[in-house]
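J.: Sequence:
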Amino acid sequence: MAPFQTTLGPYDYWAIEYAYKPLAADQEKAELQRIAGRSGEGTLAFATDEDNFLGIDPDALMFDLGDDPVAFARRRFDIAADLFRRQERRELKPDEDFAGLRRALGYAVRDAGRAAGVLLRQSGGVRTLRDYANTGRDPLQPVSAADQRAAMALLTQRVLSAGAFAISPALKRRLAPDFFERAESFAGVPTDFPLGQNVLGLQRELLNQLMSDGLAQRVLDSEGKFAPGQDAFRLSELYSQLTADLWSELAAPRGDIAAPRRELQREHINRLATLVLRPGILSRTDARALVRRQASTLVARLDHASRRAGRSPEAKLHLQDSAESLRAALAAKMER
Numbered sequence: 002m003a004p005f006q007t008t009l010g011p012y013d014y015w016a017i018e019y020a021y022k023p024l025a026a027d028q029e030k031a032e033l034q035r036i037a038g039r040s041g042e043g044t045l046a047f048a049t050d051e052d053n054f055l056g057i058d059p060d061a062l063m064f065d066l067g068d069d070p071v072a073f074a075r076r077r078f079d080i081a082a083d084l085f086r087r088q089e090r091r092e093l094k095p096d097e098d099f100a101g102l103r104r105a106l107g108y109a110v111r112d113a114g115r116a117a118g119v120l121l122r123q124s125g126g127v128r129t130l131r132d133y134a135n136t137g138r139d140p141l142q143p144v145s146a147a148d149q150r151a152a153m154a155l156l157t158q159r160v161l162s163a164g165a166f167a168i169s170p171a172l173k174r175r176l177a178p179d180f181f182e183r184a185e186s187f188a189g190v191p192t193d194f195p196l197g198q199n200v201l202g203l204q205r206e207l208l209n210q211l212m213s214d215g216l217a218q219r220v221l222d223s224e225g226k227f228a229p230g231q232d233a234f235r236l237s238e239l240y241s242q243l244t245a246d247l248w249s250e251l252a253a254p255r256g257d258i259a260a261p262r263r264e265l266q267r268e269h270i271n272r273l274a275t276l277v278l279r280p281g282i283l284s285r286t287d288a289r290a291l292v293r294r295q296a297s298t299l300v301a302r303l304d305h306a307s308r309r310a311g312r313s314p315e316a317k318l319h320l321q322d323s324a325e326s327l328r329a330a331l332a333a334k335m336e337r
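With our numbering, the residue at position 160 of the sequence shown is 161, and numbering never jumps.
In short, the hints are calculated from the structure, not lab data.
Ranges between beta-carbon positions, derived for each pair: (1) Gln158 to Asp132: 34 to 42 Å; (2) Ala20 to Asn271: 51 to 59 Å; (3) Ala245 to Tyr108: 25 to 33 Å; (4) Asp50 to Gly202: 22 to 30 Å.
Here a beta-carbon is modelled for each residue, glycine too, at the ideal position from N, C-alpha and C.
Between the sequences and the hints, there should be enough to build the whole structure, so can you do that?
T.: This is how it looks when you write it as structure tokens:
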């Protein structure tokens, strides 16, 4: 699927018809109204760059022009995962450079990041229609709770899970740099490919968005657009699912916590502590209360998990340090 329009489509022909169709003077007004009245047809959906930059309409996207953003993102994640698997068993020709393996993995991570951006627009998303009152459609339509849940589940499973972007030690030993590029690059090319840090960078950006005041506002505002009794995706659900998935090891009766997971979990702790200590000027009352509840609940779970047998010394210290960070944030005076 091309990331941009390559041929004339239904909207183009519709706009040309409205602007240039020869019409008799006595029929012009009625015929133009008839043509314009087709605006509610699915193939005539329209959005501008402003809709994309404001980030509230999940259908106004770069890189995806389809009608199912979640399916598009899932497909991109599948392609990235397949590219990772292929590098594991890839046999290089005698004259091939090992740097090709590194480039392939880097491309897969970057493409997964673009897919994650598509999914983020579902949370609290509101479809914006430029309709007149005669179409029978509301101009602001919140994304269904089912679609928001599907997007959130896909994000946590494919980007934030323990197995996301994992590779074998054997492949790690083959990820040599392009030595010519390393010698000529002013930016600096590390000899040891920092795949873990690249993935952590993607995960950091995702956490920044999922725990931001802006996204919390969108989700809280979208809740109010659902009719009473209608299923709505709530901010409490988003925060609870995020915490449960990031700290899934706490629910297991035994087992260690891998180093990459500890890095990601520390990023979550840092953001929770910051939101408790220094809530932004735009943060909502409900968001503050939910963050504080998440932090206090997590402290108790961390304390319990740190006493459980079967953890490495590093994992136990990580759990204890995380609990202390949250405990200190909860006990401190709020900074305004």
